[in-house]
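So the protein lines, in turn, are chains A and B. Under the working numbering, the first residue of the first sequence is numbered 1, with each subsequent residue one higher. Under the working numbering, the first residue of the second sequence is numbered 1, with each subsequent residue one higher.
In case anyone wonders, no lab produced these hints; they're calculated from the structure. Hints are supplied without guarantee of correctness; some may be wrong.
[Claimed, not checked] No more than 16 Å apart at the CA atoms, straight line, and that leaves these computed lysine to aspartate or glutamate pairs for EDC-like: (1) A:LYS220 to A:GLU104; (2) B:LYS15 to A:ASP177; (3) B:LYS76 to B:GLU51; (4) B:LYS15 to A:ASP42; (5) A:LYS116 to A:ASP177; (6) A:LYS46 to B:ASP12; (7) B:LYS177 to A:ASP42; (8) B:LYS151 to A:ASP177.
[To be verified] Taking beta-carbon pairs under 10 Å as the criterion, some of the chain B residues facing chain A (in silico): (9) LEU6; (10) ASP20; (11) SER23; (12) ARG93; (13) GLY186; (14) VAL203; (15) ALA271.
Ideal Cβ placement from N, Cα and C applies to all residues, glycine included.
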Amino acid sequence: MRITFSLLLTLLWISGYAQTKFQHSITIGYNIGGLAPTSLPDNIRKINHYSPGFSPSLGYELIYHTGSKWAIGSGLNIGFKNMQVIDSVQYFHTQVSVDDAFVEGDFSGTNTTRVKNLYLSVPVYASYQLGEAWRFKLGVYLSRLISPSFSGSVSDGYLRKGDSFGEKITINEASFDFSDRQRKIDFGLLGGAERLVWNQLAVRAELQWGLVPVFPGSFKGISFKMYNIFANLGLAYHF
Amino acid sequence: MLLLLLNSCIKDAPKNPEADIESFNIPAELTTGATVIDQANRKILVYLTQEAYENGISPTLTLSKNARVSPASGEKIIFTPGRTISYTVTAERSENQKTYTLQVVNLGNWKFDFEHWQQHPTDKYEYPVEDDMSSVWSSGNQGVAISGVPKEPGAYPTRSTTDGYLSTKAAEMVTIKGTALSAFVGIYLYAGSLFTGNFNPAVVLVNPLAATEFGEPYQGLPDRFSGYYKYTPGAAYQDENQNIIAGKTDECSIYAVLFEGTERLNGTNIANSERIVARAVLADGSMKADFTKFDLPFVYKTGWTAQPGTKLMLAIVASSSKEGDHYRGSLGSRLVIDHLSIQPK
Numbered sequence: 001m002r003i004t005f006s007l008l009l010t011l012l013w014i015s016g017y018a019q020t021k022f023q024h025s026i027t028i029g030y031n032i033g034g035l036a037p038t039s040l041p042d043n044i045r046k047i048n049h050y051s052p053g054f055s056p057s058l059g060y061e062l063i064y065h066t067g068s069k070w071a072i073g074s075g076l077n078i079g080f081k082n083m084q085v086i087d088s089v090q091y092f093h094t095q096v097s098v099d100d101a102f103v104e105g106d107f108s109g110t111n112t113t114r115v116k117n118l119y120l121s122v123p124v125y126a127s128y129q130l131g132e133a134w135r136f137k138l139g140v141y142l143s144r145l146i147s148p149s150f151s152g153s154v155s156d157g158y159l160r161k162g163d164s165f166g167e168k169i170t171i172n173e174a175s176f177d178f179s180d181r182q183r184k185i186d187f188g189l190l191g192g193a194e195r196l197v198w199n200q201l202a203v204r205a206e207l208q209w210g211l212v213p214v215f216p217g218s219f220k221g222i223s224f225k226m227y228n229i230f231a232n233l234g235l236a237y238h239f
Numbered sequence: 001m002l003l004l005l006l007n008s009c010i011k012d013a014p015k016n017p018e019a020d021i022e023s024f025n026i027p028a029e030l031t032t033g034a035t036v037i038d039q040a041n042r043k044i045l046v047y048l049t050q051e052a053y054e055n056g057i058s059p060t061l062t063l064s065k066n067a068r069v070s071p072a073s074g075e076k077i078i079f080t081p082g083r084t085i086s087y088t089v090t091a092e093r094s095e096n097q098k099t100y101t102l103q104v105v106n107l108g109n110w111k112f113d114f115e116h117w118q119q120h121p122t123d124k125y126e127y128p129v130e131d132d133m134s135s136v137w138s139s140g141n142q143g144v145a146i147s148g149v150p151k152e153p154g155a156y157p158t159r160s161t162t163d164g165y166l167s168t169k170a171a172e173m174v175t176i177k178g179t180a181l182s183a184f185v186g187i188y189l190y191a192g193s194l195f196t197g198n199f200n201p202a203v204v205l206v207n208p209l210a211a212t213e214f215g216e217p218y219q220g221l222p223d224r225f226s227g228y229y230k231y232t233p234g235a236a237y238q239d240e241n242q243n244i245i246a247g248k249t250d251e252c253s254i255y256a257v258l259f260e261g262t263e264r265l266n267g268t269n270i271a272n273s274e275r276i277v278a279r280a281v282l283a284d285g286s287m288k289a290d291f292t293k294f295d296l297p298f299v300y301k302t303g304w305t306a307q308p309g310t311k312l313m314l315a316i317v318a319s320s321s322k323e324g325d326h327y328r329g330s331l332g333s334r335l336v337i338d339h340l341s342i343q344p345k
């Protein structure tokens, strides 16, 4: 965190030093996406419901113009990466552990997952100006998970204890909470476009694609790797 | 729209990996008790009339979807002493195979010394078997296994001990603390238990009391229930919410119940079912430091007489905490039972 702030302070200081080449930008947006595998495993049979939930984001960016078209930018962004999904799964391998007690097995039935993660992120990117109105950017981001929440339930199904050979245990409803099992750090690629619509106001869309699985390899609750894959839609005000 | 898009990414269904025998059906007139499929230990326990045993049976099986079985459903099975009969089920995902052993349970003689024990292959809990290796007794261990205790016999509340009557093996029941996982569903204590019958893991989370299925077919009428036991109650008595009840001492529970029919009773109705015709109950559940003999008469329902053709089942139930089925008792309460027997009339 300290690094983030000193980076920001340095950028602000530079911006005061060479006012003309710098541009400030305040962004507000909305994250739509999911904590998801890059390819759906065959254990997921049907997605019954999906909603992004209330996932606002707020950010500040500082852009340094290296030429007439190219610029580099960085900043600080805080935002929720939320989703709620209800899906039907079959033979979904999971291990639930609390302290030293654990149970492992294959679940078939309905899975409800609610994710409400608040991330503080530092983007670093290069941008390219196309004409008066359009600007494209490509870069990376580093995030810190400051408020984790990953919970849900399994219901209307059964668990095969151990694996698919194990005895069947009917489950009406059982809840899970993997909030604190998530990695604190996320890193990924970002790419986006914005178009000036009025004076200093632009509409913007940005894709943030996490490259680090949200759960570490030692976590056995979910049998596939999940990544933060979110689109951020919103507005930017440049000054 | 987004949903449609997401659902378009759904892959083809995985092949069914399950290889269960879901039901094993024998005409009721050939049996003395309902067939048990012990899924955890992969055993099919059948209770046959003498005639059915001599003539053989042609059971029909139902399996997991798209699975196959050998010998096939409907194929005739002839019993010859010493021959092990097993059914091998092959799942649709054909590398998955599961073999069930068929056991004809024939309790001519209700005497139990608890000298032979087997272990579940992966969960490692112990269960007693008879001289012919058939299973008559069950315990709550299977349920405890689901709550994630360490995989070693001593971690379960019911196990063997060499501290038996006259230095033989015996059955030991100890009330233990629940696990961090069981606390999640509000279970803070597991009493040791041992009973004639079957444990049905399928319903253990939905209706735990129904998971303990009591009773084995009984021929004739029992007169007395006897055996040896010793008991040490644990220190502090706690209720189902882990509140310590001051001044209350844990008690053990040992009883036998005779009832009509071929379907087992369970924890929800063993105390009050209309089908119950006689009971033999140990009244004194207090501390006994040394092995103590009990010899209890069966007290029959007044006016009840056995009709020709009446099928009966007998359940023997023992627990280290009398109210353990409701998760009440003292941690550390220890009951050891040995040399149980039922004397017929």
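Going down the list of hints, with the structure as the test:
1. A:LYS220 to A:GLU104: Within the cut-off at roughly 9 Å; holds.
2. B:LYS15 to A:ASP177: 30 Å, violated
3. B:LYS76 to B:GLU51: Holds: B:LYS76 and B:GLU51 sit about 15 Å apart, inside 16 Å.
4. B:LYS15 to A:ASP42: Measuring from Cα to Cα gives roughly 10 Å; hence the hint holds.
5. A:LYS116 to A:ASP177: Holds: A:LYS116 and A:ASP177 sit about 12 Å apart, inside 16 Å.
6. A:LYS46 to B:ASP12: 11 Å, holds
7. B:LYS177 to A:ASP42: 39 Å, violated
8. B:LYS151 to A:ASP177: With Cα atoms ~24 Å apart, B:LYS151 and A:ASP177 exceed 16 Å; violated.
9. LEU6: 5 Å, holds
10. ASP20: Cβ of B:ASP20 sits 7 Å from chain A, so the hint holds.
11. SER23: Check failed: Cβ of B:SER23 comes no nearer than 13 Å to chain A, outside 10 Å.
12. ARG93: 8 Å, holds
13. GLY186: 12 Å, violated
14. VAL203: Where the cut-off is 10 Å and the nearest Cβ of chain A is about 6 Å from B:VAL203, the hint holds.
15. ALA271: 24 Å, violated
In this structure, the earlier hints numbered 2, 7, 8, 11, 13 and 15 are contradicted, and the remaining ones agree with it.
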